[in-house]
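Here the protein sequences come in this chain order: A and B. Numbers 47 to 597, taken from the working numbering, label the letters of the first sequence in order. Numbers 812 to 984, taken from the working numbering, label the letters of the second sequence in order.
For the record, the hints were derived by calculation from the structure and aren't laboratory data. These numbers come from a predicted model, not from an experiment. Note that beta-carbon positions come from the ideal geometry of N, C-alpha and C, so glycine has one too. Just to be clear, a hint being listed does not mean it is correct.
[Said to hold, decoys possible] Chain B regions said to be covered by chain A (calculated; three or more residues, Cβ under 8 Å): (1) 830-840; (2) 861-875; (3) 878-889; (4) 975-984.
[Claimed, not checked] SDA-like cross-link-like pairs, simulated, lysine to any residue; straight-line CA separation at most 20 Å: (5) B:K885 with B:I967; (6) A:K391 with A:R248; (7) B:K879 with A:R199; (8) B:K879 with B:I818; (9) B:K885 with B:V978; (10) A:K229 with B:I984; (11) A:K229 with B:D979; (12) B:K884 with B:S833; (13) A:K229 with B:V978; (14) A:K352 with B:Y841; (15) A:K221 with A:L49; (16) B:K975 with B:N824; (17) A:K229 with A:D346; (18) A:K221 with A:Y193; (19) A:K352 with B:Q876; (20) A:K179 with A:A214; (21) B:K884 with A:M169; (22) B:K879 with A:E190; (23) B:K924 with B:E940; (24) A:K366 with B:I984; (25) B:K924 with B:D942; (26) A:K519 with A:N504; (27) B:K922 with B:D945; (28) B:K875 with A:D357; (29) A:K469 with A:A561; (30) B:K879 with A:A133; (31) B:K875 with A:N353; (32) A:K352 with B:D979; (33) A:K416 with A:A559; (34) B:K975 with B:Q876; (35) A:K229 with B:K879; (36) A:K179 with B:T823; (37) B:K875 with A:A348; (38) B:K884 with A:P228.
If you want the building blocks of each chain, they are given just below.
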Amino acid sequence: MKLTGAQILIECLLEQGVDTVFGYPGGTVLDIYDALYGAQNKINHYLTSHEQGAAHAADGYARASGKTGVVIATSGPGATNLVTGIATTYMDSIPMVAITGNVALASLGRDSFQEIDITGVTMPITKNNYIIKSVEELADTVREAFYLAGSGRKGPVLVDIPKNVQQAVCEFTPKTPSVFIPKNVEDAQVQPAATLVINCKRPVIMAGGGIIASGANEELLRFAEKIQAPVCCTLMGLGGFPASHPLFLGMIGMHGTVAANRTMSEADLIIAVGCRFSDRVAGNRDKFGYGAKILHMDIDNAEIDKNIRADVALLGDNKKTLTALTAMVDTVERAEWIAKAQAYKESARKPQSIRAEKIIRALSEKTGGKAVVTTDVGQHQMWTAQYYDFEDPRLLITSGGLGTMGFGVGAAIGASIAKNGQKTYLVTGDGCFHMNLNELATAVRFNVPIVILLMNNNVLGMVHQWQKLFYGKRFSQTTLDRKTDYVALAEAFGAVGMRITSDEEISPILDKAMACNRPVVIDCLIGSDDNVLPMIPAGKSTDDMITELED
Amino acid sequence: MEQRHTISALVTNRSGVLTRISGLFARRGYNIESLSVCATEDPQFSRMTIVACADEHVLDQIVKQLDKLVDIKKITLAEDKTSIFRELLLVKLHADADVRAQIMQIATIYKAKTVDLSLQSMVLELTGEPDKLDAFLKVAEPFGIIEMARTGVTAIARGDVSIKDTVDYDELI
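Chain A extracted, bound-state conformation:
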């Protein structure tokens, strides 16, 4: 059948099983939106307040569902407004396809109205990107974009479609989309890894985002139990191993638990699965894993030996490699080593102190560690990682690699939609919330049940903490002193506003918010001097871990 480029795009989206897109119309995407109008009963489009919110929503959608998020924006400023959102998905390897319009081919390169070389701008932050010069190549390019976004190490792909290409007509032939099928691993590939595991005495497993990306949480559990290795997770891996499991040590790294960091530093084998030894985990690359052998299991060849030298590397999809490895190793008992790890856990246990901890622990208990919890970036993000006990994958939705403030509201909306309107929680700060609070309107418009826990301390918490520790308390530009009344603000947007001003109010207010079917903003007043601890300063190792700070 003969279709316009815009219609072909919609057909390709439907081919890929896309039923949800986020976006914002504009001049150079008029034809795409016209085609969307005709496909209203097949594709749900969520209009946001800002393209950045749409990108974060597509991102949250992808993280929560495992499907590829789709965002549509117009040319020029619409496209550039996507940049932060695309970079966020790039750093965390989240599958996303961003579709932008552009001026007609004849107008390209003439500094036309709302013209931007978006492929040039996003080249370093996409797996690949395309500008479509003729309608005949549109369908196959879109198919390639989706395949690329969801294959190997996943990530964002941008497709830029000039207006005349959207309007041009050509023959369209439907095609079944090709899906990435990871290769099976040969025993010969796995043997060196198995040898390391069989010969170790004090193993620790470090599980990262790759476990969640490959859906390998069950394989990880079986493996860890078979070889009796304690497990810690990077921020991106939280939920990949159940927090309630006796082998779980907590998060590793800069703000990781005492148990995770200390156990890791005494291990003789570190099994790093689906993680990349980021500078938040391996602060001091010379000291990290000193005295231990390192087994690095990842799907991205370029990560092997990039930051930390691996003794053995096992390249491949984690689900496959973990299954193969589990079959080639023996069941062991390691009572002494496990007891040591448990002792670290016990010794670090302390009574709840700061209000943020109490709020997040209360939320964790009330939801059984099974709620979808989105965060923004900063102290509140670390407190969420530390105090919410994530039981399953695809529950924690957080910007780890890029650390994007303002990610939260859009992402929470996308995550809730991905989970069929399940209630979603957003833990955010007053700094972060001000960045993209415009998306509250979107949550209200589509009645997305998000409960926003706004950790209100009047400061940019994390930066404030660093200024306290490393800059002689010279609090440069981190005191907000804004007069925003978050309850009134919530009501003004059409949401419900609540406030927690004391520890006693935590439980009843949380119950009230959880019973509410409309978007809720809870203004949680917390101390501006509260710290995220433990802390391993940047570039340092476990030896330098700070567990206490004098006030």
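On the provided structure of chain A, position chain B as indicated by the hints.
Showing chain B alone in chain A's frame:
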């Protein structure tokens, strides 16, 4: 220890590929000494030869990061002992009547061709391994180089093997 390495790659013949590759080098801080691109026997692909100065670890990363790019179909290192390296040089030297004969002598020894002659200058063309070109330039320099243009090295492996035999990253996972 930093050394010079030559990387050969088969890349898709699409616009933007060169930008993507040079962008990768720029943002990861890799040092490009030279880069040359040419057509191949297959119109879908171009062949790129990159000379980079790096230590072992950085070289490993360069090859892996390039291999990850969708546009790079095959990538291989051109090893000193098993590859042929060639580069073309055009150099314009100050050459009035007094010194013309001396320059011709050097040209004969190095097997360089004279491709242009004017009252005050001459242009010599030389093809060969980069070291040979470097040596020639050292000898020619005292006469005064007005300007020069080097293509950057291109390389091809000796024997029956071909770059098309290498295994791309995508085929491993």
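For each hint, the structure was consulted:
Counting residues of the stretch 830-840 of chain B whose beta carbon lies closer than 8 Å to any beta carbon of chain A gives 5, which reaches the threshold of three, so the coverage claim holds. Coverage of the stretch 861-875 of chain B by chain A holds in this model, with 4 residues showing a Cβ closer than 8 Å to a Cβ of that chain against a need of three. For the stretch 878-889 of chain B, the stated coverage by chain A is satisfied: 5 residues place a CB nearer than 8 Å to a CB of that chain, which reaches the threshold of 3. Counting residues of the stretch 975-984 of chain B whose C-beta lies closer than 8 Å to any C-beta of chain A gives 4; at least three are required, and the coverage claim holds.
Distance hint between K885 (chain B) and I967 (chain B) is fulfilled; the C-alpha atoms sit about 14 Å from each other, no more than 20 Å. Straight-line distance between C-alpha atoms of K391 (chain A) and R248 (chain A) comes to about 16 Å, which keeps the hinted pair within the 20 Å bound. Using a Cα cut-off of 20 Å, the hinted pair K879 (chain B) and R199 (chain A) holds, with the two alpha carbons roughly 10 Å apart. Proposed proximity of K879 (chain B) and I818 (chain B) is supported: the alpha carbons are some 15 Å apart, at most 20 Å.
The hinted pair formed by K885 (chain B) and V978 (chain B) meets the criterion: a straight-line CA distance of about 7 Å does not exceed 20 Å. A C-alpha spacing of about 5 Å is found between K229 (chain A) and I984 (chain B), which places the hinted pair at or below 20 Å, so the restraint holds. Among the hinted pairs, K229 (chain A) with D979 (chain B) is consistent with the structure: their alpha-carbon atoms are about 14 Å apart, no more than 20 Å. The straight-line distance between the Cα atoms of K884 (chain B) and S833 (chain B) is roughly 16 Å, inside the 20 Å bound, and the hint therefore holds.
For a cut-off of 20 Å, the pair hint linking K229 (chain A) to V978 (chain B) stands: about 14 Å separates their Cα positions. Annotation: proposed proximity of K352 (chain A) to Y841 (chain B) holds, straight-line Cα distance about 14 Å (limit 20 Å). For the hint pairing K221 (chain A) with L49 (chain A), the CA-to-CA distance comes to about 15 Å; that is within 20 Å, so the pair holds. Our distance criterion of 20 Å between C-alpha atoms is met by K975 (chain B) and N824 (chain B), whose separation comes to about 16 Å.
A threshold of 20 Å between alpha carbons decides the hint, and for K229 (chain A) with D346 (chain A) the separation of about 13 Å falls inside it, so the pair holds. For the given pair, K221 (chain A) sits about 13 Å from Y193 (chain A) by alpha-carbon distance, which is consistent with the 20 Å threshold. Of the supplied pair hints, the one linking K352 (chain A) and Q876 (chain B) holds, its CA atoms being roughly 10 Å apart against a limit of 20 Å. Restraint check for K179 (chain A) and A214 (chain A): the C-alpha separation of about 11 Å stays at or below 20 Å, so the hint holds.
Note on K884 (chain B) and M169 (chain A): the hinted pairing holds, with a Cα-Cα distance of about 18 Å set against a maximum of 20 Å. For the hint pairing K879 (chain B) with E190 (chain A), the CA-to-CA distance comes to about 15 Å; that is within 20 Å, so the pair holds. For a cut-off of 20 Å, the pair hint linking K924 (chain B) to E940 (chain B) stands: about 16 Å separates their Cα positions. A threshold of 20 Å between alpha carbons decides the hint, and for K366 (chain A) with I984 (chain B) the separation of about 10 Å falls inside it, so the pair holds.
The hinted pair formed by K924 (chain B) and D942 (chain B) meets the criterion: a straight-line CA distance of about 18 Å does not exceed 20 Å. For the given pair, K519 (chain A) sits about 16 Å from N504 (chain A) by alpha-carbon distance, which is consistent with the 20 Å threshold. A C-alpha spacing of about 14 Å is found between K922 (chain B) and D945 (chain B), which places the hinted pair at or below 20 Å, so the restraint holds. Proximity of K875 (chain B) to D357 (chain A) is assessed by CA-CA distance (about 18 Å); at most 20 Å being required, the pair is judged to hold.
Taking the CA atoms of K469 (chain A) and A561 (chain A), the gap is near 10 Å; set against the 20 Å cutoff, the hint holds. In summary, the hint linking K879 (chain B) to A133 (chain A) is supported, as the alpha carbons are separated by about 18 Å, within the 20 Å threshold. Restraint check for K875 (chain B) and N353 (chain A): the C-alpha separation of about 13 Å stays at or below 20 Å, so the hint holds. Only pairs whose Cα atoms come within 20 Å are accepted, and K352 (chain A) paired with D979 (chain B) is accepted, the gap being roughly 19 Å.
A hinted pair counts as satisfied when its Cα atoms are at most 20 Å apart, and K416 (chain A) with A559 (chain A) qualifies at roughly 17 Å. The straight-line distance between the Cα atoms of K975 (chain B) and Q876 (chain B) is roughly 19 Å, inside the 20 Å bound, and the hint therefore holds. About 17 Å separates the Cα atoms of K229 (chain A) and K879 (chain B), which keeps this hinted pair within 20 Å; it holds. About 16 Å separates the Cα atoms of K179 (chain A) and T823 (chain B), which keeps this hinted pair within 20 Å; it holds.
Restraint check: the Cα-Cα separation between K875 (chain B) and A348 (chain A) comes to about 5 Å, which is no more than 20 Å; the hinted pair holds. Restraint check: the Cα-Cα separation between K884 (chain B) and P228 (chain A) comes to about 19 Å, which is no more than 20 Å; the hinted pair holds.
Violated hints are absent here; each numbered hint is respected by the structure.
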